[in-house]
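Q: Given the coordinates of chain A, assemble chain B onto it according to the supplied hints.
Next come the chains, spelled out residue by residue.
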Amino acid sequence: MKNKIYQLSLLLLGVLWGLSVQAQSKTTISGYVKDRSNGEGLIGVSVYVREAQTGVTTNTYGFYSITLPAANYTLIYSYIGYERIEKSVDLNADQTLNIELGAESEQLKEVTVSTRRDDENVQSIEMSVNKVDMKTIKKMPALLGEVDLIRSIQLLPGVTTVGEGASGFNVRGGDVSQNLVLLDEAPVYNSSHLFGFFSVFNPDAVKDVKLIKGGIPAQYGGRISSILDVRMKEGNSKQREINGGIGTIFSRLTYEQPFAKGKGSFIVAGRRSYIDVLAKPFLNKDLKDSKFYFYDLTAKVNYRLGDKDTFYASGYFGKDVFGGGDFGFGWGNATATVRWNHIFSNKLFMNLTSYYSNYDYSLGQNTNDPDAKDKFDWKSKIISNSFKPDFTYYLTPNNQLTFGGQYIRYDSRPGSATAISEGETTDISLEPRYADEWALYAGDELKIGSKISLQYGLRYSFFRSLGPGVEYDYQEEVKGQRKEPIFPGKEYEKGDVIKTYGNWEPRISINVGVTPSASIKASYNRTSQYLHLLSNTAASSPLDVWTMSSAVIKPELADQVALGWFQNFNNNTYEASVEVYYKKLYNQIDYVPGSDLLLNQFVPGDLLFGEGRAYGAEFYLKKNKGRLTGWMSYTLSRTERLVETINNDDWFPARFDKPHNFTAVAIYDLTPRLSLSSNFTFASGTPATFPTNRLEVNGWAIGHNFEGKRNNSRIPAYHRLDFAATLKSKRKLFRKGEGEWVFSAYNVYNRRNPFSVYTQGDEDNALRTQAIKYSVIGSIIPSVTYNFKF
Amino acid sequence: MEYIQNTWKLWGIILIPFLLLTGCEDVIDLDSQAGPSQLVVDGWINNTKGPQSIRLTWSAPYFSNAPAKPVVNATVVVEDNLGTKFEFMDPDGDGRYVWGNDTTVLGTVGRTYTLTVRAESETYQAVSELRRVPAVDSIVYQKETLPIKPEKGPKEGYVAQFYARDFPGEGDTYWIKPLLNGQPRVDNPRNISIAYDAAFNAGAPSDGLIFILPLRQSITVDSLYSAGNMVGVELHSIPQETFEFLKQVREQAANGGLFATPIANVVSNITNTNSKGPKALGFFTASAVSKLSTVIDPEKARPEE
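The listed protein sequences derive, respectively, from chains A and B.
Going by our numbering, the first residue of the first sequence is number 1, and it counts up by one from there.
Going by our numbering, the first residue of the second sequence is number 1, and it counts up by one from there.
Extracted from the complex, chain A is given alone in its bound form:
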């Protein structure tokens, strides 16, 4: 396996050397494009060369590079919502040209919702990619007025959720754990506060959000369904800026400031729920010491050293804390990322990332009481450390090479628990688990003529489960029921390699221009995943454990093909797309009846493995310009699983299968001060399993499905309408600041949307069977938020 890595490295070096020789006769112009008002790098700015009739776009750091034969050129920098800049350059030697773009006039800025090139939808090689501008997200109605990135994403085509209040999101039939959620390149293992009601991203600290559902470029890997790439703001490098707000749930404060004469800047943003503070005076003695709050802290600093080097350090820390008296429960993520952008030769851009990401939770009783005779203390965590070099080689405006690699070290303590029972201590901890993951990739983006662009690449990922540890084989007595471990297990020492897996992951996308405003795109990608979230509950819970591949748990794999038509109308005012996709999933995890996934050292014995398939069509129409902006999307899709012994060995719909899914988002700028917005969502009910018969044992009525089916029925459909109004204060806040009120109403027509329907015996009479509809939100939820900016 390792040989393959060497071979791939040699290949990369060879290509690189070839390129440097080939490109000698040309000259290169490169630089960064930034926002004039705050110095933030702008992502995806179009840099067009009039004479050569070609162009590039800036990367995620705002960098661009164009290599052309020596001559005089006119470079046009354009970006929707910003002024257009033309620069004449006499290109006879390599040079650097940093550009700052100012926003268009204030009036126009207000009606702009998309900060990107206006025909990108059609021209770009990307398909199955959705970007939602933070400005748009902030104007959309939100639950309890809390602007929420994940909830906004759920309104995009191909994206669904298990149900209201559930953690995470589902992309094109994949489950919640199959999305790689990146915050400044570091994976976030649990993206939720309060069991899933709010996401962990502070909207004031986020600069850019991109969801990649298909045609995933070779540089990304590690999860099989999607990439959610969240980029934090760098911090205003022009002047001090303070943002904040008081909402129904969170109070927020963000501080940004330049330093070293604008060569560097930083941002610090914090949020905390404050209901516990308000509730305190009303709690009686017994509840006085109860705790229920959640918070997050986001910080980032960057420093530019000369023209060629920029350094970034960013971090996130968030926690949810619940408890009272002798009981406590808490969970949270922590991430830290250090990055170094270096420009080698105007044409070779390097980003070196090193990150640390940790997710942990703890649950305990009497843990702080040294005298308690009965105690319980349970902790779980997963830590990953990674080193990731990424290179972009700007060969010509029509040919860009990307290559790089990644190393990730995993250190997991799936459960460290001690129980003290009447003074006797038992350690019921699970063994720590160690593993590492390696990846190398190379990709090329090529324009062939003026009509065709092609992006192709290959990623090789390699996983090692490492000692020390004990591995058990499992014996199956009854198919589909719990498998028993075979003793003794095989023991491994520190440094031993327990099991390895390697996967080639080819990726290819093509864009064929049909007219200047229409194109056909197609893509194929294979992805692999070595880390699995074991969760047998409807919504994923904070206690779910990320478990690494082992001899028993094989890597999850997915193949996806997608085909789409992209068209813009009315001078790019409207953009439309239709995409169809088919996705095949391998080594999908399911669970035996009565499975125990926590604090169970024999957890592989409780797992079943199968395959999945998902397919669908996504229709998307978006209006980018004018006073009315927004989008409509309709997705027709299925996602199914096949697991031996479940549903009589036949395909069954996954828990989050929703064949019809329609969403509409509208934002209307009524006056420069007042904007109105509305969301509407309609989705098919999720599948459910209902019994056909009942049997009586011990005075209990037990449900039984005669045909042994899983998800044989559906619960009623989900639909909801939300409104919001944003009103800017007339008066300047303390003479210079701005303030705004956001009024919102969630679930306007007061519908009790079902999260699930289940059958069970009555609580007081176990023989009286009934069906119960469970709704997470059962009424209209109004809210008011106040935001300010200095």
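A couple of the hints might just be wrong.
As the list claims (entries may be wrong) - Lysine to aspartate or glutamate pairs mimicking EDC-like chemistry, simulated, CA-CA at most 20 Å apart:
#	chain 1	residue 1	chain 2	residue 2
1	A	Lys375	B	Glu144
2	B	Lys143	A	Asp371
3	B	Lys155	B	Asp80
4	B	Lys152	A	Glu763
5	A	Lys789	A	Glu738
6	B	Lys276	A	Glu707
Source of the hints: derived by calculation from the structure; they are not laboratory data.
A: Quick look at chain B alone, frame taken from chain A:
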């Protein structure tokens, strides 16, 4: 999760933030097609003195809330591994087949019992080993005041717990039945309390220990006890298959909310000797029983913490 469910007093506190959000449950009508009726065995025999009974009924459509139809005219025989046969009779024709009287004992620890049922020209069988059970050492109770007045039961009362020690040797499984005034309280399947050695499952070793706190306290269900209540525990040894069965029944009964698990059919240990014949449902278990009760006397209660 089981651990948190058992520390039920504290759930109230965790749920406070949720009160903001108006989660709710409504009973609704559901169309459900019924399958054909199957024989259901409700067979629980033990080693205590007194008559033993096994109930045979037919399964019914799920939402039929009429009493289950009895299986009559069946032959029901339990035989131990030494060849002793116990013939169960149904003189009343109500599907309840009975053996013995107030002075007889059926079960003996260490023996294996085979149930054979002949009904409607099919023969069904099930096997269960009658395993050892430890003695219950004591019942203790502690004064407790809940932060909020609960829907059921008093605000101030007593949490009772029992003390017993699991046998050394891995894999003993038990069903812990709370006793109130001498009667087992197992009417609500959500409260089924089962132990694997001294804790919850095989994967978390607890062999030979005193039962852990949540299990000890699992004899206090739904509400606090009051002074004068006679409270106690009946500890049943059960085979591991029965442990799985009860676990699945509890999971099905308590399923719902945000963290519901997919429903699967509950396992049965009843097999038709003709593998092509109709399948039967239900469970047959032989248990050894130990029990202890006490009357709550406020003077003897452990003080409130």
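Q: Evaluate each hint against the coordinates.
A: For each hint, the structure was consulted:
Restraint check: the Cα-Cα separation between lysine 375 of chain A and glutamate 144 of chain B comes to about 18 Å, which is no more than 20 Å; the hinted pair holds. Taken as a hint, the lysine 143 of chain B and aspartate 371 of chain A pair is honoured in the structure, with Cα atoms around 19 Å apart against an allowance of 20 Å. For the suggested pair lysine 155 of chain B and aspartate 80 of chain B, the alpha carbons sit about 49 Å apart, so the restraint of at most 20 Å is broken. At roughly 12 Å between alpha-carbon atoms, lysine 152 of chain B and glutamate 763 of chain A fall within 20 Å of each other, so this suggested pair holds.
Proposed proximity of lysine 789 of chain A and glutamate 738 of chain A is supported: the alpha carbons are some 5 Å apart, at most 20 Å. Simply put, lysine 276 of chain B and glutamate 707 of chain A have alpha-carbon atoms about 16 Å apart, close enough for the 20 Å limit, and the pair holds.
Hint compliance for this structure: hint 3 alone is broken.
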